[in-house]
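Quick note, in the working numbering, the sequence shown goes up one by one and the last residue is 78.
No wet-lab data here; the hints were simulated from the structure. Since this is a predicted model, take the numbers as computed values, not measurements. Errors might be hidden in some of the hints.
[Stated by the list, open to error] When the alpha-carbon atoms are kept at most 25 angstroms apart in a straight line, the in silico DSS-like pairs for lysine-lysine are as follows: (1) K29 <-> K15; (2) K18 <-> K44; (3) K8 <-> K18; (4) K8 <-> K29; (5) K8 <-> K44; (6) K64 <-> K15; (7) K48 <-> K64; (8) K15 <-> K5; (9) K22 <-> K64; (10) K15 <-> K44; (11) K44 <-> K4.
[As the list claims (entries may be wrong)] Here are the in silico distance ranges between beta carbons for each label pair: (12) K5 <-> D70: 14 to 22 angstroms; (13) L7 <-> K29: 34 to 42 angstroms; (14) L53 <-> F23: 15 to 23 angstroms; (15) G74 <-> S3: 25 to 33 angstroms; (16) M33 <-> E9: 20 to 28 angstroms; (17) D56 <-> G24: 34 to 42 angstroms; (18) W76 <-> Y14: 27 to 35 angstroms.
For each residue, glycine too, the CB sits at the ideal point set by N, CA and C.
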Amino acid sequence: MLSKKMLKENDVEYKCLKVRSKFGIYSDKAGEMIGNNGFRDAIKIGDKVCDNLTLDGMNFSDWKIDLGIDIVEGIWIE
1 MLSKKMLKEN DVEYKCLKVR SKFGIYSDKA GEMIGNNGFR DAIKIGDKVC
51 DNLTLDGMNF SDWKIDLGID IVEGIWIE
């Protein structure tokens, strides 16, 4: 399991991503709603994003498309 502590201890550069939505978050990959509260966190390392559905990482652009970021109004990254 990927953790911020492990990344820091190994001097891995990363960025925390906070997805916000006015309506909940749907994942095409999962084929279902993955968040009804409008919040989702992920970690970006280089051009890969890891979250609890994508432990091995997913291309950042593909991840954004999967969640509808920059496609569906009302979903964004803080």
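Which earlier hints can't be squared with this structure? Result: hints 4, 12, 13, 16, 17, 18 break, sorted rising.
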